[in-house]
Amino acid sequence: MRLTDRWIGRPRLLLRSRAGRRAGDMGRVLRDLAAGADTGVGVRLGKGRRMLLLLDPALVGELLRERAGDVTKGPGVRVTRPLLGDGLLTTEGEVHRRARRLVAPAFSPRRLAGYVEQFASSAAAVDWEDGQQVDLHAEMAGLTLDIVGRTLLGVDLADARGMRATLEGALTTFGSGTGPRMFGRQVPQRDPAATAEIHRVVDEIIDGRREHRSSDRGDVVSALLDAADEPDGLTPQEVHDNVITLMMAGHETTANSLSWTFHLLGDRPDVVDRIRSDGEPYTRAVVAEAMRLYPPAWIMTRTPSVDMTLGRWDVPAGSTVAASPLLLHHDARWFPDPERFDPDRWLDARKDAVPRFAYLPFGTGPRACIGEQFAWAEATTILGTLVDRWSATPDPAHVVRPEYRVTMRPGGGLPVTLHERG
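So for the sequence shown, our numbering puts the first residue at -13; every next one is plus one.
Hints may contain errors.
[What the hints assert, rightly or not] Here are the simulated distance ranges between beta carbons:
id : residue 1 : residue 2 : range
1  : ASP113    : GLN223    : 33 to 43 Å
2  : GLY397    : PRO255    : 20 to 30 Å
3  : GLU325    : ASP256    : 14 to 24 Å
4  : ARG87     : ARG67     : 26 to 36 Å
5  : GLY194    : GLY22     : 26 to 36 Å
6  : ASP212    : GLY117    : 41 to 51 Å
Hint data in this document are derived by calculation from the structure and do not stem from the laboratory.
For every residue, glycine included, the Cβ atom is placed at its ideal position computed from N, Cα and C.
Based on the sequences and whatever the hints tell you, model everything.
Here it is, written out as structure tokens:
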């Protein structure tokens, strides 16, 4: 069956999808598009553009792993490239493989063991007060940015909150390109001042590290600068683009995952008590379940460079093929009672029944998140450290709804009142 033969054609479904799109509720859009389908569904995006939305984990694995050499990243890259340049998230082929190879040592098990100490000490050092009202999402973003600076970049971002505000200016604009506008052609306007400030800070980090390179500090900037010195090494621009990519991606996803976790814990004191009493592996199961319900990457798109067949679908080159962890993670075929927050599903026999590629919080294949193990260790360490000392009471007047950008974050933040445990 050719992709062109499987358009969404029922007016009811189209109208529902349009309503979700107008509301910015991409979860609703995806659910409406997938309703009644089994392995996938063809979607007409307008103006001749077309997309295949895969719903079968086996086909998702085939796209992202087995056929990875026959596809490039999807149209969202054009939105992020003005900020991220030619870094790990945006490059293809040998350029991407070389950068990934150079960055990989900073995420080795040996390095990770050293990072965990920093995760715990940074979380323990939060300057909160009993009874303080905060936006917990902003707090998590500042905390994870500070950690990225100290571990991956080898610098002390003295004003992580201030830097986070600047990053937010850029993230708000370029990130919206993969939200409701994903199904249109509009490219959002960027914040030139925020973008320029980020580039300036990254240049300062790189220049400072060039002046102090007498020892191996085990961070990404050192590895990239060493590679730039080799014959046919990285250009100064490639070093810059990979540093900015790691700064942006290295804190945003974990900040969102922690925020969603605390949101889910708001009315589950029983789960909080078990985190405090059981430690690992229960804490990891809580994070895993939060990322199931609110995956860091809610959709991944690819563009085939050749005509290909995926299952019963004949997919022409140049079309868009999408896999949505948000849909996969909420599919009752793979996760019974999918809307229920149930960390124990990762600790009993249900875990073994989940098909491969049905759970993809960090993607899979050669484009999977290089910092996956870093993110797991960071999130579980921070969560365990914070809940041992603090409780967070949600603001009952604030309705938390997902905001769909490059990542999925709590729209309007996560206002809470903090209480220090006795």
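The hints, checked one at a time:
Against the hinted window of 33 to 43 Å, the Cβ-Cβ separation of ASP113 and GLN223 comes to about 37 Å, which satisfies the hint. The beta-carbon spacing between GLY397 and PRO255, approximately 25 Å, falls within the hinted interval of 20 to 30 Å. For GLU325 and ASP256, the Cβ-Cβ distance of about 18 Å falls inside the hinted range of 14 to 24 Å, so the restraint holds. About 21 Å separates the C-beta atoms of ARG87 and ARG67, a value inconsistent with the hinted range of 26 to 36 Å.
With their beta carbons about 57 Å apart, GLY194 and GLY22 fall outside the hinted range of 26 to 36 Å. Between ASP212 and GLY117, the C-beta spacing of about 48 Å keeps the proposed range 41 to 51 Å intact.
Consistency with the previously given hints fails for numbers 4 and 5, ordered from lowest to highest.
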